[in-house]
Amino acid sequence: MILIEFLQLFLGGHGTFIGTFDKADLVCFTLGYISIVLISNCIHKSNKPDKKLFTFENKKKEFLYNIKIIIIFAILGVLPSLF
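My numbering numbers the first residue of the sequence shown as 1 and each following residue consecutively.
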């Protein structure tokens, strides 16, 4: 997202595909990204996963679940542009 904001600085503008640039967006996305990384690091350190959970079957189930979620959100993302 931060990269997109930098691209908007050089290639964006009103009426373009990329959109407009706002320096506040860049600051907010950067601060948000850094805070998400710090919070996820703290949560990961406090909840270390059990090594027994990393089996091939569990990875397969997780992969199939992720594919289902991707398909659902892809359909939901395309629907507004159809109407």
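Just so you know, the hints here were simulated from the structure itself, not pulled from any lab data.
Don't take each hint at face value.
Claimed, not checked - Lysine to any residue pairs mimicking SDA-like chemistry, simulated, CA-CA at most 25 Å apart:
no.: 1; residue 1: Lys51; residue 2: Ile72
no.: 2; residue 1: Lys51; residue 2: Tyr33
no.: 3; residue 1: Lys45; residue 2: Asn58
no.: 4; residue 1: Lys23; residue 2: Leu7
no.: 5; residue 1: Lys45; residue 2: Glu62
no.: 6; residue 1: Lys61; residue 2: Ile75
no.: 7; residue 1: Lys52; residue 2: Asn41
no.: 8; residue 1: Lys23; residue 2: Tyr33
no.: 9; residue 1: Lys60; residue 2: Leu38
no.: 10; residue 1: Lys60; residue 2: Ser40
no.: 11; residue 1: Lys51; residue 2: Ser40
no.: 12; residue 1: Lys59; residue 2: Asn47
no.: 13; residue 1: Lys59; residue 2: Ile70
no.: 14; residue 1: Lys48; residue 2: Leu38
no.: 15; residue 1: Lys61; residue 2: Leu76
no.: 16; residue 1: Lys61; residue 2: Phe73
no.: 17; residue 1: Lys59; residue 2: Ile72
no.: 18; residue 1: Lys23; residue 2: Leu3
no.: 19; residue 1: Lys52; residue 2: Ser35
no.: 20; residue 1: Lys60; residue 2: Pro49
Everything numeric in this text was worked out from a predicted model, so none of it was measured.
Structure-based check of each hint:
no.	hint	result
1	Lys51 <-> Ile72	30 Å, violated
2	Lys51 <-> Tyr33	29 Å, violated
3	Lys45 <-> Asn58	22 Å, holds
4	Lys23 <-> Leu7	12 Å, holds
5	Lys45 <-> Glu62	22 Å, holds
6	Lys61 <-> Ile75	21 Å, holds
7	Lys52 <-> Asn41	21 Å, holds
8	Lys23 <-> Tyr33	15 Å, holds
9	Lys60 <-> Leu38	29 Å, violated
10	Lys60 <-> Ser40	24 Å, holds
11	Lys51 <-> Ser40	19 Å, holds
12	Lys59 <-> Asn47	19 Å, holds
13	Lys59 <-> Ile70	16 Å, holds
14	Lys48 <-> Leu38	16 Å, holds
15	Lys61 <-> Leu76	23 Å, holds
16	Lys61 <-> Phe73	19 Å, holds
17	Lys59 <-> Ile72	20 Å, holds
18	Lys23 <-> Leu3	13 Å, holds
19	Lys52 <-> Ser35	30 Å, violated
20	Lys60 <-> Pro49	17 Å, holds
Consistency with the previously given hints fails for numbers 1, 2, 9 and 19, ordered from lowest to highest.
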